[in-house]
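**Q** Protein sequences, first through last, are from chains A and B.
Residue 422 is where the first sequence ends in our numbering, and the numbering goes up by one at each step.
Residue 683 is where the second sequence ends in our numbering, and the numbering goes up by one at each step.
Simulated from the structure, these hints should not be mistaken for lab results.
Since the structure is predicted, the reported quantities are computational estimates derived from the model, not experimental observations.
Cβ atoms here follow ideal geometry from the backbone N, Cα and C, with glycine treated the same way.
One or more hints might be untrue.
[Claimed, not checked] Derived lysine to any residue pairs resembling SDA-like cross-links, with alpha carbons at most 20 Å apart: (1) A/Lys122 x A/Leu51; (2) A/Lys86 x B/Asp581; (3) A/Lys86 x B/Val510; (4) A/Lys86 x B/Arg600; (5) A/Lys86 x B/Pro481; (6) A/Lys56 x A/Ser92; (7) A/Lys86 x B/Asp511; (8) B/Lys610 x B/Asp581; (9) A/Lys349 x B/Asp511; (10) A/Lys285 x B/Arg443; (11) A/Lys86 x B/Arg443; (12) A/Lys86 x B/Thr508; (13) A/Lys285 x A/Met247; (14) A/Lys285 x A/Ala336.
[To be verified] Reference listing, derived: stretches of chain B covered by chain A, where coverage requires no fewer than 3 residues with Cβ under 8 Å from a Cβ of chain A: (15) 442 to 453; (16) 507 to 519.
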Amino acid sequence: MDANTQWVMTGTALLGVAGGVLGSFALLRRRALVGDVLAHAALPGVAGAFLATGTKAVGPLLAGAAIAAVAGVLTMSAIARFSRLKADAAMSLVLTVFFGLGIMLLGAAQRSPGGNQSGLDKFLFGQAAAIVGRDVRVITLAAALLCLLVLLLFKEFKLLAFDPEFGVGIGLPMAAVELVFNLAVVLAVVIGLEAVGVVLMAALLVTPAAAARCWTDRLHLMVPLSGLFGALSGALGTAVSLVGPRMPTGPLIVLAATGIFVASLLLAPRRGLLARSLRSLRTRKAAQRERLLVALYDLAEEAAGAGNAPAVTAEALERRRGIPARSAGPQLARLAREGLVDEAGGTWKLTGRGLAEAYQAARSERLHLVYLMHQADLDGGMTDQGVRPAFAPEIVPQLEQWLRQHGLEPRLLPGHTAGEVG
Amino acid sequence: MAAESELALVVRDLTVAYQRRPVLKDVNLSLPEGRLIGIVGPNGAGKSTLMKAVLGMVPRLSGEVWVSGRPPAAARQEIGYVPQRTAVDWDFPTDVLDVVMMGRYGTLGLLRWPGARERELAMAALERVGMAEYARRQISQLSGGQQQRVFLARALAQDARLYFMDEPFAGVDAATERAIVNLLRGLKARGRTVVVVHHDLQTVREYFDWLVLLNVRVMAAGPVERVFTAENLTRTYGGRLGSLAHVAGASPAPLRTSGGD
Numbered sequence: 001m002d003a004n005t006q007w008v009m010t011g012t013a014l015l016g017v018a019g020g021v022l023g024s025f026a027l028l029r030r031r032a033l034v035g036d037v038l039a040h041a042a043l044p045g046v047a048g049a050f051l052a053t054g055t056k057a058v059g060p061l062l063a064g065a066a067i068a069a070v071a072g073v074l075t076m077s078a079i080a081r082f083s084r085l086k087a088d089a090a091m092s093l094v095l096t097v098f099f100g101l102g103i104m105l106l107g108a109a110q111r112s113p114g115g116n117q118s119g120l121d122k123f124l125f126g127q128a129a130a131i132v133g134r135d136v137r138v139i140t141l142a143a144a145l146l147c148l149l150v151l152l153l154f155k156e157f158k159l160l161a162f163d164p165e166f167g168v169g170i171g172l173p174m175a176a177v178e179l180v181f182n183l184a185v186v187l188a189v190v191i192g193l194e195a196v197g198v199v200l201m202a203a204l205l206v207t208p209a210a211a212a213r214c215w216t217d218r219l220h221l222m223v224p225l226s227g228l229f230g231a232l233s234g235a236l237g238t239a240v241s242l243v244g245p246r247m248p249t250g251p252l253i254v255l256a257a258t259g260i261f262v263a264s265l266l267l268a269p270r271r272g273l274l275a276r277s278l279r280s281l282r283t284r285k286a287a288q289r290e291r292l293l294v295a296l297y298d299l300a301e302e303a304a305g306a307g308n309a310p311a312v313t314a315e316a317l318e319r320r321r322g323i324p325a326r327s328a329g330p331q332l333a334r335l336a337r338e339g340l341v342d343e344a345g346g347t348w349k350l351t352g353r354g355l356a357e358a359y360q361a362a363r364s365e366r367l368h369l370v371y372l373m374h375q376a377d378l379d380g381g382m383t384d385q386g387v388r389p390a391f392a393p394e395i396v397p398q399l400e401q402w403l404r405q406h407g408l409e410p411r412l413l414p415g416h417t418a419g420e421v422g
Numbered sequence: 423m424a425a426e427s428e429l430a431l432v433v434r435d436l437t438v439a440y441q442r443r444p445v446l447k448d449v450n451l452s453l454p455e456g457r458l459i460g461i462v463g464p465n466g467a468g469k470s471t472l473m474k475a476v477l478g479m480v481p482r483l484s485g486e487v488w489v490s491g492r493p494p495a496a497a498r499q500e501i502g503y504v505p506q507r508t509a510v511d512w513d514f515p516t517d518v519l520d521v522v523m524m525g526r527y528g529t530l531g532l533l534r535w536p537g538a539r540e541r542e543l544a545m546a547a548l549e550r551v552g553m554a555e556y557a558r559r560q561i562s563q564l565s566g567g568q569q570q571r572v573f574l575a576r577a578l579a580q581d582a583r584l585y586f587m588d589e590p591f592a593g594v595d596a597a598t599e600r601a602i603v604n605l606l607r608g609l610k611a612r613g614r615t616v617v618v619v620h621h622d623l624q625t626v627r628e629y630f631d632w633l634v635l636l637n638v639r640v641m642a643a644g645p646v647e648r649v650f651t652a653e654n655l656t657r658t659y660g661g662r663l664g665s666l667a668h669v670a671g672a673s674p675a676p677l678r679t680s681g682g683d
């Protein structure tokens with residue numbers, strides 16, 4: 001890898017950091033598209049600057065881009081303030097009008113003398129190979145500035161995303177905070193135009209943040225993680241684009257970011273799809289097991305109460321408790337392996353350990369029933385939202401009293417020989 | 423007559439309009455210190471808007487506001503605000519303690535990060551609403567009542583003198599409702615003033631000692647026992663109250679069938 005390649009990769013990686021860090025806040029305040037709007041709004045600035053100065057030097061073109069994007073920011077807030085349009089309508093208006101204007105000016109620029117093959121179209125889709133050492137210094141400076149800004153205004157940006165009205169109420173200048181945030185997005189967009197282009201710059205603001213959100217529930221972890229994902233996307237996309245001649249960098253960086261996002265969406269430990277489906281599968285299994293134990297207990301208790309052997313048939317489970325034999329079979333076999341039930345001649349009987357377990361399940365089920373019946377008289381008291389209801393110790397005596405009042409107390413006690421009913 | 427400095431809130435000739443429709447018109451109010459004050463009125467009466475206008479969250483068309491004898495901009499740290507809990511995204515990546523610490527951001531000022539002192543004050547506030555053991559809980563895992571308590575704790579952490587609460591009893595469980603009422607009484611005992619937008623006429627007498635009946639204009643304001651009458655309620659609700667007028671418990675007043683415009 002030659003020195004120039006290293007420069008280019010450093011540049012796009014830093015760009016990813018800036019996009020990821022700012023994008024976290026944009027995503028959380030449900031303005032994910034603001035980057036898209038401002039990037040598109042920058043285009044007339046690029047073309048306009050070329051028409052005005054006749055130069056293709058990056059400095060003036062990006063200055064033009066910044067001016068146009070700031071005009072976009074101001075237009076958005078003016079629309080929000082003086083019209084009844086909502087934020088989404090304001091954003092799509094600014095995006096389409098500015099971008100349309102940009103394409104028109106771009107056409108004019110390409111027809112102008114010296115504008116032929118002007119290379120302005122690289123601002124549409126980005127061309128990282130065009131980045132030179134001086135650009136990287138600018139990008140480094142801007143990215144460092146943006147990270148410093150986020151560090152200083154972390155709590156203000158958090159409030160802007162979570163509850164800006166409350167911020168106004170306690171006297172923080174939230175309108176100014178919002179303006180600073182939008183200007184920061186403008187800066188991130190402008191430094192990304194050359195490498196990524198106006199059309200896809202938004203992806204660097206949204207995708208790494210969306211990926212980082214999968215991994216953590218804490219903002220102060222999500223923001224640096226999003227920056228890291230942005231850096232990876234930038235470096236990876238650039239590396240691939242430098243392999244072939246004239247490969248557009250923007251789409252490849254976006255593809256890299258998307259790859260990270262998809263992997264996060266699938267694999268993240270708590271919010272990932274895989275973890276979620278595993279969790280719901282486990283919950284379903286546990287709930288089925290609980291339901292079967294309670295059914296076994298209820299039927300055994302009833303049989304013992306009538307003076308019969310406390311054994312239960314699969315047919316009774318299906319007919320009395322609606323547990324189809326098809327699913328009861330494997331579940332009963334699993335309970336048998338755990339040593340909780342014994343089979344004898346087509347009927348099932350709880351073992352000593354099985355009865356102890358089923359007693360707990362049934363008791364907590366019935367406590368929950370009386371809890372729901374008398375909920376209005378209690379101050380909270382449910383301690384856990386697991387498969388088996390659990391209660392705060394201080395309300396249990398009261399619940400047990402209601403249990404007896406309703407004649408619901410479990411009568412088949414563990415530790416006794418079957419048939420003894422209290 | 424109380425001097426203006428002993429009044430928690432004075433509003434004079436306040437008018438607020440969204441586009442051309444007036445939401446609040448010529449509102450005049452003098453609210454005393456150390457009371458639990460309910461604001462009651464029909465939907466669209468401007469109850470929330472009144473709070474937001476006082477706090478500077480919506481622009482005023484005309485009128486003046488004083489908080490403890492000063493303009494609200496100079497008294498911001500002394501005003502606590504509890505928005506409706508549906509106003510925010512509860513899936514936001516943060517925990518309970520962090521939300522409560524936001525109550526200290528105003529005093530902390532720009533650029534500074536909250537530290538050990540803010541954490542301590544926030545924990546004390548959580549203690550007071552009975553949510554201390556939830557400090558590290560991700561906020562998406564809270565029930566509606568717990569969310570409401572977190573918002574209350576955030577306002578408590580601010581240690582304001584005047585509190586505005588926008589429907590704190592909306593959609594909470596009985597236990598939370600009792601916890602909130604106890605909290606309000608505790609605030610009153612410490613000389614704080616609490617203004618609550620309220621919906622449930624049945625509990626007005628029990629919860630508040632001062633009442634503002636609002637329907638775009640102030641229809642009546644004063645001590646509950648004087649203001650909470652069937653006649654005032656009928657005026658406020660423009661006849662829409664129907665059979666509910668009996669909650670005031672006073673002798674039935676003749677029902678006006680047409681609301682005044």
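**Q** The structure should be examined with respect to each hint, and the outcome stated for every one.
**A** Evaluated hints:
Among the hinted pairs, A/Lys122 with A/Leu51 is consistent with the structure: their alpha-carbon atoms are about 16 Å apart, no more than 20 Å. Under the criterion of a C-alpha separation no larger than 20 Å, the hint pairing A/Lys86 with B/Asp581 is inconsistent with the structure, at around 35 Å. Pair hint A/Lys86 plus B/Val510 holds up; C-alpha atoms about 18 Å apart against a cutoff of 20 Å. Proximity of A/Lys86 to B/Arg600 is assessed by CA-CA distance (about 39 Å); at most 20 Å being required, the pair is judged violated.
With a C-alpha separation of about 18 Å, the suggested pair A/Lys86 and B/Pro481 falls inside the 20 Å cut-off, and the hint holds. Under the criterion of a C-alpha separation no larger than 20 Å, the hint pairing A/Lys56 with A/Ser92 is inconsistent with the structure, at around 29 Å. For the hint pairing A/Lys86 with B/Asp511, the CA-to-CA distance comes to about 18 Å; that is within 20 Å, so the pair holds. Under the criterion of a C-alpha separation no larger than 20 Å, the hint pairing B/Lys610 with B/Asp581 is consistent with the structure, at around 13 Å.
Distance hint between A/Lys349 and B/Asp511 is unfulfilled; the C-alpha atoms sit about 51 Å from each other, more than 20 Å. With a C-alpha separation of about 58 Å, the suggested pairing of A/Lys285 with B/Arg443 is violated against the 20 Å cut-off. In summary, the hint linking A/Lys86 to B/Arg443 is supported, as the alpha carbons are separated by about 18 Å, within the 20 Å threshold. Distance hint between A/Lys86 and B/Thr508 is fulfilled; the C-alpha atoms sit about 19 Å from each other, no more than 20 Å.
With a CA separation close to 51 Å, the supplied pair A/Lys285 and A/Met247 exceeds the 20 Å bound. For the suggested pair A/Lys285 and A/Ala336, the alpha carbons sit about 16 Å apart, so the restraint of at most 20 Å is met. For a cut-off of 8 Å, the count of residues in the region 442 to 453 of chain B with a CB near a CB of chain A stands at 0, and the three-residue condition is violated. Only when three residues or more bring their CB closer than 8 Å to a CB of chain A does the claim for the region 507 to 519 of chain B stand; here the count is 7, and the claim holds.
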